[in-house]
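Colleague: Please model the entire structure based on the sequences and the hints provided.
Protein chains: 2
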Amino acid sequence: MIVGTEWMIEAEGCDPDALRDESVFRLIFENVIGDLGLNAIGSVWHKFPGHGGLTGLVALSESHLACHTYPEFSIATFNLYCCRERPEWPWEQNLRKFLSAATVRVARHERGAYVLPAAIGEDLDSIPARFGGVN
Amino acid sequence: MIVGTEWMIEAEGCDPDALRDESVFRLIFENVIGDLGLNAIGSVWHKFPGHGGLTGLVALSESHLACHTYPEFSIATFNLYCCRERPEWPWEQNLRKFLSAATVRVARHERGAYVLPAAIGEDLDSIPARFGGVN
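Chains as they are written, first to last, in my numbering: chain C, 1 to 135; chain G, 1 to 135.
Simulated from the structure, these hints should not be mistaken for lab results.
Note that the Cβ used here is the ideal one computed from N, Cα and C, for glycine as well.
Honestly, I wouldn't trust all of these hints.
[As the list claims (entries may be wrong)] Here are the simulated distance ranges between beta carbons: (1) G:PRO90 with C:GLY42: 27 to 33 Å; (2) G:ASN31 with C:ASN39: 28 to 34 Å; (3) G:SER23 with C:GLY42: 17 to 23 Å; (4) G:GLY37 with C:ALA40: 28 to 34 Å; (5) G:LEU27 with C:ILE41: 19 to 25 Å; (6) C:ARG84 with G:ALA113: 36 to 42 Å; (7) C:ILE41 with G:GLU30: 19 to 25 Å; (8) G:ALA113 with C:GLU85: 25 to 31 Å; (9) C:ASP35 with G:PHE48: 34 to 40 Å; (10) G:ARG26 with C:ASP17: 34 to 40 Å.
Modeller: See the structure below:
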């Protein structure tokens, strides 16, 4: 039984100052939530001291949205978990704009169901998709 | 660059009443956090009305812990994201105890780095591990 879809996003080569700026991530989240018609029901934001990064978690009536940043490595990661079908958000285009990201990778995972490798006739081409395709 | 490890856990065949009981999930989270020596820095809990499930999000100084439940399908899903190396938590044993889960599956993903399928000599046995091994 599939109960939701989760996107894991890795953005590399980002502007370290943007990765310390909570207002940038609040704006990214507002865009994700607005563009996909999601509904926020609570949040936690935390900025680590000094040159540290930040964490944002938003509970949605459709599941959750999370980010963690690592300014020391110019990396941000995101999770978007939706229990209802949603279109793809243009992560690459938007994170290049908001974070000056050099590389953005998106993997999609179906939640609730887990297909064991041995349970399917092994077709090598099909495996990346089963384990979360690459956009 | 790997910045963290994320575990995705799917528990099926759970007791639907437990999946509506926030105190059960708070206790599970307390156990995860205590057993792994993690530190909570903020949380959001939400119970959906009537026979609905619940959502729990806890920000950790080491990243985050999340759960969503689907009593109508007897399913709970969890995410544990840690930016520092941690031992494996015994999800299967504990979710059988706390939720009467019939099946528990755990997949592990490295965050920050994303290995493209074409980038590695294809050894079929290695693929499940690369895309998040099965416990």
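Colleague: Would you mind marking each hint as holding or not holding in the structure?
Modeller: For each hint, the structure was consulted:
no.	hint	result
1	G:PRO90 with C:GLY42: 27 to 33 Å	holds (29 Å)
2	G:ASN31 with C:ASN39: 28 to 34 Å	holds (30 Å)
3	G:SER23 with C:GLY42: 17 to 23 Å	holds (18 Å)
4	G:GLY37 with C:ALA40: 28 to 34 Å	holds (31 Å)
5	G:LEU27 with C:ILE41: 19 to 25 Å	holds (22 Å)
6	C:ARG84 with G:ALA113: 36 to 42 Å	violated (30 Å)
7	C:ILE41 with G:GLU30: 19 to 25 Å	holds (22 Å)
8	G:ALA113 with C:GLU85: 25 to 31 Å	holds (29 Å)
9	C:ASP35 with G:PHE48: 34 to 40 Å	violated (24 Å)
10	G:ARG26 with C:ASP17: 34 to 40 Å	holds (37 Å)
The structure does not agree with the numbered hints 6 and 9 stated previously, though it agrees with the rest.
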